[in-house]
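Colleague: Chains as they are written, first to last, in this note's numbering: chain A, 37 to 168; chain R, 37 to 168; chain C, 37 to 168; chain H, 37 to 168.
Fair warning: there could be bad hints in the mix.
Copies of the same chain look alike in the list, so a pair counts if it works inside one copy or between any two.
What the hints assert, rightly or not - Keeping only pairs whose Cα atoms sit at most 16 Å apart, straight-line, the calculated EDC-like set for lysine to aspartate or glutamate is:
id : residue 1 : residue 2
1  : K84       : D110
2  : K144      : E100
3  : K84       : D111
No wet-lab data here; the hints were simulated from the structure. These numbers come from a predicted model, not from an experiment.
Number of protein chains: 4
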Amino acid sequence: MRITQHEIEIRVRYPEADPGGYLHHANYFIYFEMGRTELLRANGRSYKEDMESAGRFIVVVRTECRFHRPARYDDLLRLRTVVARVRAARVEHEYSLFRGDELLAEAKVVLCCVDKEGQPQRLPDWMLDEPA
Amino acid sequence: MRITQHEIEIRVRYPEADPGGYLHHANYFIYFEMGRTELLRANGRSYKEDMESAGRFIVVVRTECRFHRPARYDDLLRLRTVVARVRAARVEHEYSLFRGDELLAEAKVVLCCVDKEGQPQRLPDWMLDEPA
Amino acid sequence: MRITQHEIEIRVRYPEADPGGYLHHANYFIYFEMGRTELLRANGRSYKEDMESAGRFIVVVRTECRFHRPARYDDLLRLRTVVARVRAARVEHEYSLFRGDELLAEAKVVLCCVDKEGQPQRLPDWMLDEPA
Amino acid sequence: MRITQHEIEIRVRYPEADPGGYLHHANYFIYFEMGRTELLRANGRSYKEDMESAGRFIVVVRTECRFHRPARYDDLLRLRTVVARVRAARVEHEYSLFRGDELLAEAKVVLCCVDKEGQPQRLPDWMLDEPA
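Just chain A, same shape as in the assembly (with noise of 0.2 Å):
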């Protein structure tokens, strides 16, 4: 990939937010996935058609996320996704979740290539051949 770091604007909608008022934690990777998806479309490439319609999958092999501030319904936060490593058959993004200049959120989700039947398999060579 040529791009590796892109920043997209997110609306927190009402359903997202809990009674306690916060968006739910459980949200936050969701957003982590549009903010990959998004990056991918940045270089050109659609997860649906280059890596669904040619079977192959990613899957989440691990997480980690730190929650510094709460977002609350409404916000329109940013999200900067940046691809961290990339090895064979394995990707890993780091995300920085922001409102204004304020940092909320910041995470790490490892990804994995696999074909229909869960096994790995080297990534494509378009996602490899990130510049060092």
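Please arrange chains R, C and H on chain A, whose structure you already have, making use of the hints.
Modeller: For chains R, C and H alone, kept in the frame of chain A given last:
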């Protein structure tokens, strides 16, 4: 189907309630789907095994829902699912959601049986042999 | 409200689609809610600031939806929201969801304005001064 | 808390699985939250009554999760929740998710007790009197 009415209990999960403190209205439809899945299971059938694995899919074609009183986080609800009508490719269920004796919501959901291409298909025989 | 019709674009997220590959029907109602929130914002109003902070809440009392064709993961959809009727404590919106020129779903959602105790309350004036 | 380990069963719902057919990774965190809620209930406590109504809220400050094998739609899973550490304002649980004897995922979630302003607060006594 021999059993045409079934009840299940559902505990409202934290992220299913919204900042207003109420079970978000979209989630009622997830509960209704659970109701018809368990009605199927009470008949010794599984949507996954008996439908999807046979290349038959159920799509929702119409919903109507009236919300009488709100449900809240941690409420223990009781959902009654009734087969209201079965015809060729279509089945219609009616749902009543209770907290104790209090009726919270009533709904009707019309389903259509389709193949992988989305073409309507006759429901499997075991679904059509509904007692008159 | 001066503006009584509004359109937004929505990209179908991965977890919003189900194992059948289709946008799950419950999620349409989340999209419709986004549609009316953005219609409000187009009128210079915010549900969070102008309603909730004033002790007024919107609850859904009735929904009707017809699903004509399925949406799929990664589809870019266009949702049109129209104020259909405003009366005292109730407002009714109509929704049309499109992929390109293809109509995927049509819905009607009836909302009621309530206070913290759930008692119906007249809608704020700025919501009632709808052009005849 | 007297009981520091608890197990619950969870049936994977249709919309919790994604187009790949797998339980979406974000939903694991909803399951873990159910696990700690039911552990609390097994101790005769309710998050809603004993915490929120007392102006104490639990926020998630850190999560780590390893996904070993995928869960699928309609799988009946077993979640084990263990209190791993309790200190002043923080409590840490460990989670193991099984399908039969197969370990699907392991996680750690660190919670912090806060007041309405988000300031850390000592956990209620009944949470701290954990057996050494």
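Colleague: All the hints need checking, so say for each whether the structure fits it.
Modeller: Each hint tested on the structure:
no.: 1; hint: K84 to D110; in the structure: between (29 Å within a copy, 7 Å between copies)
no.: 2; hint: K144 to E100; in the structure: both (5 Å within a copy, 10 Å between copies)
no.: 3; hint: K84 to D111; in the structure: between (29 Å within a copy, 10 Å between copies)
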